[in-house]
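There are 2 protein chains.
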Amino acid sequence: MTTPTYKYMHPLSHLPHLSHLTIFDTRPNLSQYVQENLPKFFTHQTSSISIADIRFAATIENAVEGVHIIQESGPENLSFKQTLWTKVEQHAPVDALLWSSTSGIPASQQAAGMQDKTRLLVVHPYNPPHIMPLLELVPSRDTSDEVIKRTQAFWTARGRVPIHIKQETTGFVANRLAFALLREAIHLVKEGVVSVSELDEIHAGGGPAGLEGFFKNIGGTVQDCWNDAGRVNVGDEWEEGVFQQAKQAYGVVDIEERDRITRRLLEVLAEEKSKTSS
Amino acid sequence: MTTPTYKYMHPLSHLPHLSHLTIFDTRPNLSQYVQENLPKFFTHQTSSISIADIRFAATIENAVEGVHIIQESGPENLSFKQTLWTKVEQHAPVDALLWSSTSGIPASQQAAGMQDKTRLLVVHPYNPPHIMPLLELVPSRDTSDEVIKRTQAFWTARGRVPIHIKQETTGFVANRLAFALLREAIHLVKEGVVSVSELDEIHAGGGPAGLEGFFKNIGGTVQDCWNDAGRVNVGDEWEEGVFQQAKQAYGVVDIEERDRITRRLLEVLAEEKSKTSS
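If you read the sequences in order, they're chains A and B. So the first sequence is numbered by numbering that gives the first Met the number 0: it starts at 0 and just counts up by one. So the second sequence is numbered by numbering that gives the first Met the number 0: it starts at 0 and just counts up by one.
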């Protein structure tokens, strides 16, 4: 649980004292872990964050006292989160924003035991979270408009792209898209149409440009594909073979390479898009 | 119908005289059309192709005489293609490669009227085809291994990425992936979860890195999403609203911008990947 008040970013006017980060985490040797690992995730541009200024709290009560934002990134376990928020609510300031980075447990379920359900929403980052601008903001029906707006403003001011998801749909949006793609990819591998490493050469295009014309031209083929869609389920017999192929194709993921390439691509995309709009 | 023998690329040793391009096309003022439009699709690096050297054939018989490769890019109509290949077979050299760029009609169906079905396969480019390295090679069961190998060698030597698709699956591979993604995207828009323009901000990640660990961690959520998958069909009532939103979000697609950005991203990706492997 953290208050993400990165010093290298401009403080917001309505959160004037936002300049501290407190971490509560039950892992042993937390301070050492953070000192060893956190610097890896920042580029030169953002390295003015001072790890020495991070405060480590011994209890949840201690961690949430006097803070402006509480970011929960605990285990994906409903009763854990329900218990946590009930406790947080008792000790945090009444106007603190309450954010969960869950990828699957809706705010409405997490808030079940809370007195005031208007302050909690899901703020779900996309992998790798220190690079990808996307954040899915998924409020419950009880989350107040003001809380959504303050959350959007916080992240927009920091150059991120917060998307307000209008319903607590299973898996939110980005993962649903990725999983639809993944299911079809697995089906094709399972049927022997292509191998895992061949699939990786195919960078499927996104972006429905000229959508109406697209469907006029090849809507028939699209429907044919959909009618013929693969049926794959987690835990079925495809797993062993596909996991094996994936291991052979990739080995251990090189995180540094992934980060470097993702950064470069995003930089170039921003640079090129600014040329068009100027 | 063309013999794609681009002068700016290295001729292959087994095709030593590959230095001419002949186009057969029924559109009026073909020569003028090509002179006006073809240069747009080449960068400085590839501009040594001489449009003056392109030959325009008046008949199919004339077009295919003495050529090494025949690339068919005609209408997506089975009987048209069947008639065409029957005629081509009678007039082309016996060792010429026969390629169709269809996005949906399998080589096995196109070859139905041919005497020798071993020479024909689908060579399906991805949009925009003058930039995207991907080519799906989709042979029928009758296509010979030698024809597949010659086709792979031709494109590999030109820096393209030809993927051998092992079965004539509906829609091949890249489009099946894109359409699975598209179906889910349409479902989410139709249900009011996000708007078309918000969806465009979400660049869903691909690449199943660490697949086994991924499923161990959040396989439950993946299965939940799949169980809850959207059901959308071409021609249903979603079309009008979604097409309208797409028009408002994008207007007319800026092809120059699309090409410039796609080129830059591919350049940067290649540059960064070469750093890792070196």
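One should not assume that every hint holds.
Same chains, same names: a pair is fine if it fits in one copy or spans any two.
[Said to hold, decoys possible] Cut-off 25 Å, straight-line C-alpha distance, at most; resulting in silico cross-link-like pairs (DSS-like, lysine-lysine):
1) Lys272 / Lys215
2) Lys246 / Lys148
3) Lys86 / Lys165
4) Lys165 / Lys189
5) Lys274 / Lys165
6) Lys86 / Lys246
7) Lys274 / Lys116
8) Lys39 / Lys116
9) Lys86 / Lys272
10) Lys189 / Lys272
11) Lys215 / Lys189
If you are wondering where the hints come from, they were derived from the structure by calculation, not from laboratory data. All of these numbers come straight from a predicted model, not from anything done at the bench.
Structure-based check of all given hints:
| no. | hint | verdict |
| --- | --- | --- |
| 1 | Lys272 / Lys215 | neither (29 Å within a copy, 38 Å between copies) |
| 2 | Lys246 / Lys148 | neither (43 Å within a copy, 27 Å between copies) |
| 3 | Lys86 / Lys165 | neither (28 Å within a copy, 57 Å between copies) |
| 4 | Lys165 / Lys189 | between (35 Å within a copy, 12 Å between copies) |
| 5 | Lys274 / Lys165 | neither (32 Å within a copy, 42 Å between copies) |
| 6 | Lys86 / Lys246 | neither (42 Å within a copy, 48 Å between copies) |
| 7 | Lys274 / Lys116 | neither (44 Å within a copy, 50 Å between copies) |
| 8 | Lys39 / Lys116 | neither (36 Å within a copy, 57 Å between copies) |
| 9 | Lys86 / Lys272 | neither (45 Å within a copy, 48 Å between copies) |
| 10 | Lys189 / Lys272 | neither (39 Å within a copy, 28 Å between copies) |
| 11 | Lys215 / Lys189 | between (31 Å within a copy, 19 Å between copies) |
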